[in-house]
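**Student:** Sequence:
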Amino acid sequence: MSPTPAAHIPPTAPPGPDTPASDVATGSSDVISLDARRPSRRGTQLEAAAVSTPDADSPEQQLAETIEALLLARGHSLTDETTSAVYKATVDAVLLMLEGAHAQGIVGEEQHATLNGMILGMREAPGRI
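Quick note on this note's numbering: the sequence shown kicks off at 1 and runs consecutively.
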């Protein structure tokens with residue numbers, strides 16, 4: 001299967017990490033509202049400001065390097081714009097899945113907060129390479 005050209009990849013907005021579960025589910029607990037997931041300009045600025053530049057030995061940097069090594073072994077790199085965009089879209093899909101599990105009560109508050117933080121850290125890997 002050949003990769004999809006970047007021109008055919010729709011732009012995606014990252015899920016908002018602090019959207020309450022009551023705002024996420026609409027109609028039924030099986031549906032996650034995409035409208036509620038669109039970040040405001042304020043949310044985007046806060047998210048960007050929250051990203052710090054860790055030292056070379058930080059867990060975040062080690063994770064980014066591990067992810068890059070996994071991609072390099074497959075002939076890709078997070079330094080490539082298309083690969084980076086697809087990677088972030090995939091992580092965004094995982095965040096949506098986590099939000100759905102939280103809304104369904106499959107994942108509790110504490111687990112949700114822990115996993116959400118870890119996945120958001122993964123999402124920042126392209127900026128650390």
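Just so you know, these hints were derived from the structure itself, not from any lab.
Hints should not be assumed to be uniformly reliable.
[What the hints assert, rightly or not] What follows is a list of derived Cβ distance ranges for each label pair:
| # | residue 1 | residue 2 | range |
| --- | --- | --- | --- |
| 1 | Gly117 | Ala89 | 26 to 36 Å |
| 2 | Glu81 | Glu109 | 33 to 43 Å |
| 3 | Ala85 | Gln61 | 17 to 27 Å |
Quick reminder that beta carbons are idealized off the backbone N, C-alpha and C, glycines included.
**Student:** Would you mind marking each hint as holding or not holding in the structure?
**Tutor:** Hint by hint, here is what the structure shows:
1. Gly117 with Ala89: 26 to 36 Å: violated, 20 Å
2. Glu81 with Glu109: 33 to 43 Å: holds, 36 Å
3. Ala85 with Gln61: 17 to 27 Å: holds, 21 Å
Hint compliance for this structure: hint 1 is the single one not met.
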